[in-house]
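Participant: Starting from the structure of chain A, add chain B where the hints point.
Protein chains in written order, with my numbering: chain A, 3 to 358; chain B, 3 to 358.
To be clear, the hints were calculated from the coordinates, so they are not data collected in a lab. Where hints are given, some of them may not hold.
Note that the list lumps identical chains together, so a pair holds whenever it fits in one copy or between two copies.
In silico SDA-like links for lysine to any residue, alpha-carbon gap of 20 Å or less [unchecked claim]:
#  : residue 1 : residue 2
1  : 336       : 303
2  : 336       : 251
3  : 336       : 299
4  : 336       : 321
5  : 4         : 356
6  : 4         : 24
7  : 350       : 293
8  : 336       : 302
9  : 4         : 89
10 : 263       : 165
11 : 263       : 176
12 : 181       : 131
13 : 350       : 299
14 : 4         : 209
15 : 263       : 128
16 : 336       : 300
17 : 336       : 83
18 : 263       : 190
19 : 181       : 290
Protein chains: 2
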Amino acid sequence: MKIYPVIMCGGSGTRLWPVSTSRTPKQFVNLVSDTSLFSQTVTRLAPGSDGLDLAEPIIISNARYLDLIETQLDAAGISPLAILLEPCARNTAAVAALAAEFVGRIDPDGLVLLLPSDHFIGDPAAFRTAITEAIAVADAGRIVAFGIAPDRPETGFGYIKAGEQIGQSAYIVAAFREKPNHITALSYLSEGNYSWNAGIFLFPADLMQAELMTHAPDVLSGAKIALDLTVANGPVHQIDETSFSGIRSISIDYAVMEHTKNAAVVGPVSCAWSDVGTWPAVGDLQTSSGPVQPVLIDTENCTIHSEQGTLIAALGVEDLVIAVHDDTVLVMSKSRAQDVSLVIEALKVRGLTDKF
Amino acid sequence: MKIYPVIMCGGSGTRLWPVSTSRTPKQFVNLVSDTSLFSQTVTRLAPGSDGLDLAEPIIISNARYLDLIETQLDAAGISPLAILLEPCARNTAAVAALAAEFVGRIDPDGLVLLLPSDHFIGDPAAFRTAITEAIAVADAGRIVAFGIAPDRPETGFGYIKAGEQIGQSAYIVAAFREKPNHITALSYLSEGNYSWNAGIFLFPADLMQAELMTHAPDVLSGAKIALDLTVANGPVHQIDETSFSGIRSISIDYAVMEHTKNAAVVGPVSCAWSDVGTWPAVGDLQTSSGPVQPVLIDTENCTIHSEQGTLIAALGVEDLVIAVHDDTVLVMSKSRAQDVSLVIEALKVRGLTDKF
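So here's chain A without its partners, still in its complex pose:
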């Protein structure tokens, strides 16, 4: 059987503004190295010497990012199997339904590897080993989640509780847990059988179709109709707007994973994973601050991002984020990294919509 990577790259957030904007969101920006997270994601899944042989990727994104996708795939030397363009965002259950339907129509026995494109994985080999183990589990009739080994009591992620062991690193899922408070997160860490839910799933296309039919039939039927009405031009598929926009917006976790009896987890995977969710997280991964090294004098614990031709100098400061993009400069206390949206709100009030 074949495994079809389906890469989600339609989202855009505010926490990495001004570098990540709605025109060029985080996954398409060279944030932590000289390639984008999207480019790293597709490259990570290419055929390698470890025997893992995945199909060419299926890209699901928003129509407005087609140019970025084509340019970056081309630069990475990757030919996509298909590019599915959503007319609007409808959360991950709709994406999983599209993915299961699209793959099921090509290959009824196919497996789908559904994954975000805006995460960083520092140890791709470890991640690919986890995929190999997950393939066996999924092929036996499971929806497999990838559990990331937690290294801190993070309150920003969901957790997966592992139950009965069914493989070397594979377990029946005992429970999915929403983002915990700090005390609860500490207890998960000490209990030891919890991992972070990275939002990466591997499943047989027909199993996901069946689970959606049981737990979210409206989402499945909406996705079917939207695909039926899709207009294809080579690998690029424009998903029908009227039918797709009517689909209920719900995450795959809420719609299926928390209800199915067929959930498994592979992990905890130690692959140096990061969701690159905030500027300090970018700083933790940076090997370079940009094309021009900043001048740092008596400066401690700062995350600095610049772009071609821009020089940043910092003198006598600490615990700051300094990020420059085009003609926009953000200077922020690291402790406020979750609050960048306040800046976006202020820009909206001023009507500066070209700035975010």
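Facilitator: Just chain B now, with coordinates in the frame of chain A:
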């Protein structure tokens, strides 16, 4: 008798980097309003309804700033009497000698008003009133310094101690004092007869020539020869390089003012004066942070400078300087405002000479 303003605008420092650079130093930049300090200086001396009637200004600067000078004079609607271009910097005694010689050759009875172009004066009327009083004192055979009313125990300026009163706000100078330490500065403030030395002087051209002949004859003769060999093209005079560069580099304070028996001081003048010496000083005077108002969220006591098209956002920070110029960004603790030269040193080491 006529009074000839001689405006010194050849200097360049590092403390207002990256906005002030050797190519476009502080006096030519729109730092605290939408005109430059140089432009404000020449405009402040133009004929007004208060009866103060000064000659057209004589500009003394470095040859590399001729374009800036001509452009900004033109925009201010000011025709210069002359523009004297120094081939290199030789401190203020050489400038005073040039000024006295140049004016003495035009008008042996002329008075010279020698003043820097990179200071801010918030109350020009008060300053012009002080000039009027100083004219009477200078005309009676004095070199008149302008004493600024001190409002804090500043350790960055020299002080003038007032002696015997010789006019409404005019005194014989009892002593010039170099930059004091904090304790000494406090004592000057409490004694009450000290004012800041703003580096502004009014004197008869022939008196300065005589004083230089007594106290620094080498500087005077060097300036005479340099002027003799100067090449004029309309109002622009290129001062001879070989002779001028051989002049001893010494300040007018050391060369003449601390020795002459004919020093007077007018003041203390309360004209909202600032030497605009550091970024926090710029912040104290700013009416605007630049053409695009910054987005400031939970941000306290920051000095922010941006330029056309640049947006600065600050979130959760305090006591910072954030200054953007072209493709260069400085983020600095206000407490380190005297140490910008450390950044320049680092840029020199890297060979980034186009950045300062």
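Participant: Take the hints in turn and mark each one as holding or not.
Facilitator: A quick look at each hint next to the structure:
1. 336 to 303: For residue 336 and residue 303, both the intra-copy (9 Å) and inter-copy (18 Å) Cα distances are at most 20 Å.
2. 336 to 251: For residue 336 and residue 251, the Cα distance exceeds 20 Å both inside one copy (32 Å) and across copies (48 Å).
3. 336 to 299: both (18 Å within a copy, 14 Å between copies)
4. 336 to 321: both (6 Å within a copy, 16 Å between copies)
5. 4 to 356: Close neither inside one copy (43 Å) nor across copies (57 Å); limit 20 Å.
6. 4 to 24: So residue 4 and residue 24 fail the 20 Å test inside a copy (34 Å) and across (65 Å) alike.
7. 350 to 293: The answer is between: 18 Å across copies meets 20 Å, while 31 Å in one copy does not.
8. 336 to 302: For residue 336 and residue 302, both the intra-copy (12 Å) and inter-copy (16 Å) Cα distances are at most 20 Å.
9. 4 to 89: So residue 4 and residue 89 fail the 20 Å test inside a copy (28 Å) and across (77 Å) alike.
10. 263 to 165: Within one copy, since 12 Å is at most 20 Å while 97 Å is not.
11. 263 to 176: within (10 Å within a copy, 96 Å between copies)
12. 181 to 131: neither (27 Å within a copy, 70 Å between copies)
13. 350 to 299: between (35 Å within a copy, 14 Å between copies)
14. 4 to 209: Cα proximity of residue 4 and residue 209: one copy only (15 Å, versus 98 Å across).
15. 263 to 128: neither (27 Å within a copy, 85 Å between copies)
16. 336 to 300: Intra 17 Å, inter 13 Å, cutoff 20 Å: intra and inter.
17. 336 to 83: Answer is neither: 41 Å inside a copy and 55 Å across each miss the 20 Å cutoff.
18. 263 to 190: Cα proximity of residue 263 and residue 190: none, with 22 Å in one copy and 85 Å across.
19. 181 to 290: Neither: 31 Å inside a copy, 44 Å across copies.
Going down the numbered hints, you'll see the structure goes against 2, 5, 6, 9, 12, 15, 17, 18, 19, while the others check out.
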